[in-house]
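Visitor: This is what each chain is made of:
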Amino acid sequence: MSVQKPLPHDAAALHVTGQARYVDDIPVPANTLNLAFGLSERAHAEITGMDLSAVRAAPGVVAVLTAADLPHANDVSPSAHDEPLLADGAVHYLGQPLYLVAAEGHLAARKAARLGRVRYEDRPAVLSIDDAIAANSRFEEGPRIWARGDPEAAIGGAAHRIEGAIEIGGQEHFYLEGQAALALPQEGGDMVVHSSSQHPTEIQHKVADALGVPMHSVRVEVRRMGGGFGGKESQGNALAVACAVAAAATGRPCRMRYDRDDDFTITGKRHDFRIHYRAGVDAEGRIEGIDFVQYARCGWAQDLSLPVADRAMLHADNAYFLPNVRIENHRLRTNTQSATAFRGFGGPQGMVGIERVMDEIAYRLGRDPLEVRRVNFYDPPPGGGLSAPRAPAARPPEDISAKVKAGEDVSAGRRRTPYGMEVEDFILHEMVDRLARTADYAGRRARVAEWNAANAVLKRGIALTPVKFGISFTLTHLNQAGALVHVYQDGSIHMNHGGTEMGQGLFQKVAQVAADAFGVEAARVKITATDTGKVPNTSATAASSGSDLNGMAVRAACDTIRDRLAGMLAEMHQCDPADVVFEAGRVRAGGADYSFEDVIARAYTSRISLSSTGYYRTPDLTWDRIRGEGRPFYYFAYGAAVTEVVIDVLTGEYRILRTDILHDAGRSLNPAIDIGQIEGGFVQGAGWLTTEELVWDGSGRLRTHAPSTYKIPACSDRPRLFNVDLWDGENFKPTIHRSKAVGEPPLMLGISALMALSDAVAACGDGSVYPALDAPATPERVLAAVGRQRGRA
Amino acid sequence: MSATLPITLTVNGESVSADVAPRVPLVDFLRETLGLTGTHLGCAHGVCGACTVRVDGAAVRGCLMLAVQADGATVETVEGVSDSGEIADLQDAFHRHNALQCGFCTAGMLMTAAELLDAGGPPPERAEIREHISGNYCRCTGYQSIVDAVEEVAQARAADKGGQA
Chain A
1208 MSVQKPLPHD
1218 AAALHVTGQA
1228 RYVDDIPVPA
1238 NTLNLAFGLS
1248 ERAHAEITGM
1258 DLSAVRAAPG
1268 VVAVLTAADL
1278 PHANDVSPSA
1288 HDEPLLADGA
1298 VHYLGQPLYL
1308 VAAEGHLAAR
1318 KAARLGRVRY
1328 EDRPAVLSID
1338 DAIAANSRFE
1348 EGPRIWARGD
1358 PEAAIGGAAH
1368 RIEGAIEIGG
1378 QEHFYLEGQA
1388 ALALPQEGGD
1398 MVVHSSSQHP
1408 TEIQHKVADA
1418 LGVPMHSVRV
1428 EVRRMGGGFG
1438 GKESQGNALA
1448 VACAVAAAAT
1458 GRPCRMRYDR
1468 DDDFTITGKR
1478 HDFRIHYRAG
1488 VDAEGRIEGI
1498 DFVQYARCGW
1508 AQDLSLPVAD
1518 RAMLHADNAY
1528 FLPNVRIENH
1538 RLRTNTQSAT
1548 AFRGFGGPQG
1558 MVGIERVMDE
1568 IAYRLGRDPL
1578 EVRRVNFYDP
1588 PPGGGLSAPR
1598 APAARPPEDI
1608 SAKVKAGEDV
1618 SAGRRRTPYG
1628 MEVEDFILHE
1638 MVDRLARTAD
1648 YAGRRARVAE
1658 WNAANAVLKR
1668 GIALTPVKFG
1678 ISFTLTHLNQ
1688 AGALVHVYQD
1698 GSIHMNHGGT
1708 EMGQGLFQKV
1718 AQVAADAFGV
1728 EAARVKITAT
1738 DTGKVPNTSA
1748 TAASSGSDLN
1758 GMAVRAACDT
1768 IRDRLAGMLA
1778 EMHQCDPADV
1788 VFEAGRVRAG
1798 GADYSFEDVI
1808 ARAYTSRISL
1818 SSTGYYRTPD
1828 LTWDRIRGEG
1838 RPFYYFAYGA
1848 AVTEVVIDVL
1858 TGEYRILRTD
1868 ILHDAGRSLN
1878 PAIDIGQIEG
1888 GFVQGAGWLT
1898 TEELVWDGSG
1908 RLRTHAPSTY
1918 KIPACSDRPR
1928 LFNVDLWDGE
1938 NFKPTIHRSK
1948 AVGEPPLMLG
1958 ISALMALSDA
1968 VAACGDGSVY
1978 PALDAPATPE
1988 RVLAAVGRQR
1998 GRA
Chain B
2 MSATLPITLT
12 VNGESVSADV
22 APRVPLVDFL
32 RETLGLTGTH
42 LGCAHGVCGA
52 CTVRVDGAAV
62 RGCLMLAVQA
72 DGATVETVEG
82 VSDSGEIADL
92 QDAFHRHNAL
102 QCGFCTAGML
112 MTAAELLDAG
122 GPPPERAEIR
132 EHISGNYCRC
142 TGYQSIVDAV
152 EEVAQARAAD
162 KGGQA
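In order, the protein sequences belong to chains A and B. Read in order, the letters of the first sequence are residues 1208 to 2000 in my numbering. Read in order, the letters of the second sequence are residues 2 to 166 in my numbering.
Hints are not guaranteed to be accurate.
Claimed, not checked - As a list, the in silico SDA-like pairs of lysine to any residue whose alpha-carbon atoms are at most 25 Å apart:
| # | chain 1 | residue 1 | chain 2 | residue 2 |
| --- | --- | --- | --- | --- |
| 1 | A | K1318 | B | P23 |
| 2 | A | K1733 | A | G1798 |
| 3 | A | K1733 | B | P23 |
| 4 | A | K1741 | A | A1810 |
| 5 | A | K1318 | B | H46 |
| 6 | A | K1318 | A | H1367 |
| 7 | A | K1918 | B | P23 |
| 8 | A | K1733 | A | A1791 |
| 9 | A | K1918 | B | L65 |
| 10 | A | K1918 | B | H46 |
| 11 | A | K1733 | A | H1288 |
| 12 | A | K1733 | B | A128 |
| 13 | A | K1918 | B | D90 |
| 14 | A | K1318 | B | D149 |
| 15 | A | K1918 | B | D149 |
| 16 | B | K162 | B | E152 |
| 17 | A | K1318 | B | G47 |
| 18 | A | K1212 | B | D90 |
| 19 | A | K1212 | B | P23 |
| 20 | A | K1318 | B | E152 |
In case anyone wonders, no lab produced these hints; they're calculated from the structure. Since the structure is predicted, the reported quantities are computational estimates derived from the model, not experimental observations.
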């Protein structure tokens, strides 16, 4: 079996020797031009004049293009056609591209791009969530609202009520490789584009529209990205389209990369949110009714904000049954970068909302937050699922009346999400039990309390938080994938699919699937660049779906070829094709034993096709996003983390001392790669909620536009002790080899760091003031929160 | 364009002479002029460490040093240390430990880790490794596997030395 092996990343040998090529490393023809955008200096203004004579006269400049010079579509939006490549008459954020410079050399292009003289007539800029609420500046006609039961009555009648709000900052992707593209003009107006993109088909589509040609005239290739994290789902469109239109205009190859400051200034980031909550709970802290109002700051263009905001609503429950619930979500339009996809895609923000509620309930009731979380968990499956072997605990009878009150199907128990989907394999009871045991949660919690009683300056905190994350694109039609597999005469295998490699190890995992199908070593499978000319109409590599979708499509292609081979051998040996065995590089049929190469050579001379496409679409999905009802997800992935921190009450500085994680990747296709995703996801999530702070000034200028001012986790910031384990279950759904998606879910394990900081801050007070830490919980915010504990506002 | 200056330096063991504009950073010279694209440019102002190369034996940021400042110097990049085999053990450890995902930080990370491993003295503790590579950002791995790989090589080299003594 090639699957389930902890094989290293397929390109590791190339990476450690510097041979792996990214877009900007591709050797280019000598006449290649470099591009740069001239950017808006205003957040919202009419353009009353643009004098580009100095730009055109600058050394090395070959061409300068404005919106008026674009012969076809001036649009790089992935959704609502509201995002011009180059501003047309007005600017909507500070940093918006105004004009495009093509020059001999990257530096020459950037220098020239600064020389434009633009006259603006300012318009009122809507920058903050408060600005947008006041101006009713939004996408869609009003908020989306999903509800079940009677939350008002449930909150009103509950033994305890809590109410509050949390601010949750955005996050810059900080992919180490900035955005980049290269366009090479071909005969007859065709264009070949290399793009650092998670979505080659969309690049192809947008380039074709911009050139006024059918999609068949554009071929897009993506070998790898130097990190994506959602930031290259739509944000690469502008560079690829710019390269293509400039290449078409000049007849010369064009390439473009954003300097890091430009990347920060131009591209979208994770949506920042404000979430108001009101909840009514019983004496144990069990939620009886809850009301969320979520505000998402979407920036100036729609981009992917609607499904991002939907996913925040879809994760407002996280792992908890909410019998009476109302979720209202506002998609606010502001004059800032157009917020976009980022690992978790809104899910993390929704999840921080409910975890905040759990934390505050525990604080108000004086209970262990883990106990409050446990009493709110969804029920385990009635009979135990494949991934949940343990029988469920019996529910006390009083719960049944509560369910009836909430209009619930009693037989479903506490298993229905607010959007009506049954949680069929809830395994967090067992996972959390195991993690609490292996990480000694109870013992350490007691020792943290002892420490805090004995120490005045350094206070510790600990928290265990769970993750339940829905797997599938919520835009149902995106849940499809294609593959193309060739076996050559010598028995070597060429594999291609629509997924893109951004470091997550997708190519390696899918190659293991292909090797497994033929019973050969993974090394026999050549992994090839994603190419719109090989597999068409692909979805973005996003929503954690890469291995699920492309693994199944590749297996379908391999199975088709293998069935042909088995049929050939079955006929030769008069046996059942099902009895032909492909294993360890050998093929056995009717007592005969061949090498794989022998079988392939025979198939070729027998005129049997050794090439096949494969296709997969996820079954069982139905979703009405307006009503908020259906089954948007094929299944859920689970995880849990315990994090312990220490804060310095005099400065607000802190360290993560230890993190223990237990994460569910189903029956992992590659445990080494999946553990890497979990470690990296946790650190990225903890970074989002602790040190990564985006600051815009009053003019709408992003002041944190480089790593000098925007702080992602360094090695010294990661937990001193870091224990990561995989849950040993398997997916109850027939996914590829019963694995589960692993890209996004671990990011939300980072919420444990925020909650541990909250715990440490709470230790500074007398139990009367809830810490109410906003995110990111920078040292400044921690210090202010400590001050509140001690009566200093 | 601004005037150029003649420079002569040794890159990966070969003497190189070129006329370069004073404003050109060393990393651009290596990548654009010499085609040594194994060294990557991440932030262009000395914070992320992706462009780390070795100049006269010291790890430096290729984006902060100008090519003209390297006149007369000996420069080594990931391509050079790969060819010489001097960090083969470290490269192998990065490979086996999955101390990379997207790989964009890897060349710089290797150069920085090699500097620590070459510093002499007792093998560095994990805390020292963490501290030393904290000037090199990795956005993918969470650093765990990188520290594991460096620690393994440090201990293996120390054991080798002990065996020879």
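Visitor: Can the restraint linking K1918 (chain A) and D149 (chain B) be considered satisfied, given a maximum Cα separation of 25 Å?
Guide: holds, 24 Å
Visitor: Does the structure keep K1318 (chain A) and D149 (chain B) at a Cα separation of 25 Å or less?
Guide: Given that 25 Å is the threshold and the Cα spacing comes to 43 Å, the pair is violated.
Visitor: Tell me if the straight-line CA distance from K1918 (chain A) to D90 (chain B) falls inside 25 Å.
Guide: Violated. K1918 (chain A) to D90 (chain B) sits at ~32 Å, over the 25 Å cutoff.
Visitor: Are the Cα atoms of K1212 (chain A) and P23 (chain B) separated by 25 Å or less?
Guide: violated, 51 Å
Visitor: Regarding the pair K1733 (chain A) and A1791 (chain A), is the alpha-carbon distance no greater than 25 Å?
Guide: Measuring from Cα to Cα gives roughly 18 Å; hence the hint holds.
Visitor: Measure nothing beyond the straight line between the CA atoms of K1741 (chain A) and A1810 (chain A); if it is 25 Å or shorter, mark the hint as holding.
Guide: holds, 23 Å
Visitor: Compare the distance between the alpha carbons of K1918 (chain A) and L65 (chain B) with 25 Å, and conclude whether the hinted pair is satisfied.
Guide: holds, 20 Å
Visitor: Is K1318 (chain A) within 25 Å of H46 (chain B), Cα to Cα?
Guide: holds, 17 Å
Visitor: For the pair supplied as a hint, K1733 (chain A) and G1798 (chain A), is the alpha-carbon distance within the 25 Å limit?
Guide: The hint is violated at about 31 Å.
Visitor: Please verify whether K1318 (chain A) and P23 (chain B) have alpha carbons no more than 25 Å apart.
Guide: Within the cut-off at roughly 15 Å; holds.
Visitor: Measure nothing beyond the straight line between the CA atoms of K1212 (chain A) and D90 (chain B); if it is 25 Å or shorter, mark the hint as holding.
Guide: This hinted pair holds, its Cα atoms lying about 23 Å apart.
Visitor: For the pair supplied as a hint, K1318 (chain A) and E152 (chain B), confirm whether the alpha-carbon distance does not exceed 25 Å.
Guide: Measuring from Cα to Cα gives roughly 44 Å; hence the hint is violated.
Figure legend: structure checked against the earlier numbered hints; hints not met, in rising order: 2, 3, 6, 7, 11, 12, 13, 14, 19, 20.
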